[in-house]
Amino acid sequence: MCLGIPGQVVEITDAAGHLAKVDVSGVQRTISIRLLADQGVAPDDWVLVHVGFAMSLIDQHEADLTMAAIKQMGQAYSDELEAFEATAIV
Amino acid sequence: MKFVDEFRDPAAARALVSSIRDLAKDDEFKFMEVCGGHTHTIYRHGIEHLLPANVELVHGPGCPVCVIPMGRVDDAMWLAEKPDVIFTSFGDMMRVPGSRGSLLEAKARGADVRFVYSPLDSLRIATENPDKHVVFFAVGFETTAPSTAVTLVRAKELGVTNFSVFCNHVTIVPPLKAILDSPDLRLDGFLGPGHVSTVVGNRPYRFVTEVYGKPIVVAGFEPLDILAAVHMLLAQIREGRCEVENQYSRVVPEEGNPQALALLGEVFELRPHFEWRGLGFISQSALKLNDAYAEFDAEMRFDMPGIRVADPKACQCGEVLKGVIKPWECKVFGTACTPETPIGTCMVSPEGACAAYYNFGRLHRETAVLIGMPSAPSVGAAASAR
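Taken in sequence, the protein lines are chains A and B.
The first sequence begins at 0 in numbering that gives the first Met the number 0 and counts up by one.
The second sequence begins at 0 in numbering that gives the first Met the number 0 and counts up by one.
Careful: at least some of the hints might be erroneous.
Sample of chain A residues lacking proximity to chain B, with all beta carbon distances greater than 10 Å (derived) [as the list claims (entries may be wrong)]:
id, residue
1, Glu10
2, Gln27
3, Ala68
Stretch by stretch, here's where chain A covers chain B in the computed footprint (C-beta under 8 Å, at least three residues) [claimed, not checked]:
id, segment
4, 38-45
5, 136-145
6, 258-266
7, 296-305
Derived by calculation from the structure, the hints in this document are not laboratory data.
Think of the CB as a built atom: it goes at the ideal place given N, C-alpha and C, for glycine as much as any other residue.
Throw the hints in and build the complete structure from the sequences for me.
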């Protein structure tokens, strides 16, 4: 439930609406970066994504680590990725 | 992937375990891991069997799905079955049994229940279905509550009028207090939750050290994170310190996320009290929408029944959530209650202690018994306790 999955910012799609496109394991979707609005999120940054929101800025080291840990979770990982694929926010 | 290997390095793990053994000597220690994500890592990697038998990890209440009482699930079903309502929920909550079955079963009976990844998906469904009312079933600790807050701010900005939230957000500190006040359990320290702390920071845990005199270490989710945090707790105790320490500083800032905290304050207020599964009513332990957002509060919009239901008699989720018993000590564990047909919430969520143990821990434990590892003997104790 508190699962955070690492994603890499591809582009800021709507600066005023705090929306960005991120790539999680090759799947690209739009998420909200409003919770990090004062942290200057930019393309190529890694963020921890939780229920469609960037929770914190992380470095690639942490992204690799977290992704490896989540992949080990098997079903929980595939459920999370499937859910992420289904998201389509405005 | 060298960074990953670094955190799985067997030599580093062995060195930590050996150092933990030295620090623990022959004294007994009980540490509670608050977060369900930690419980998952501990069972997934058999960490309880790496630790010396006198250092025990006790599973805590930090699984948001697990702590929702049955009455709230029944209320959710009541909302979901209203005509003209589209009820949206995270996948984890869909299988949680209420007294009349789960949301998944309500869906099978014809209710418009939809699984969403994000509360923003619910908001989108609302804008696409102006003739329906869309309710979002909000659950989760401080990790998830800011997402609901942003969604509500956005709904207000967009002027959406057919969207509301059935708010079940809870906060982490009150149940910790309840556990520390409970006479059932003697604890020597805590592994603090990782992702909750990205929002709240380390300050809210100071009462654990200052009022209760127990050390707490906020920990990450890798096996070595858990071992390192246990080591830090023991070092504090041996050095006569009692502090809030942050093992997971690579993700958790000391002050948390001020922006997320401000958004929580903008949208929510504390409920006077809220019922937790197994822990009963805890005052000021949950969030509701404040007056400025009352129009989005499903509990204000609908004349909800406010159902209260006692937990099933056979189910011992309450004791599991308080760390009083281990999953395998519950009477229905693995027999009547399995992940396929859960009776209690702890068997539903992958972070629930029972589901994590059912899926992974059992095997580690059986292996440990076979090879006579030191932490195994409690099997006999558990069996005779039944």
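Unmet hints by their number, sorted upward, for this structure: As far as the earlier hints go, 3 and 7 are violated by this structure, in ascending order.
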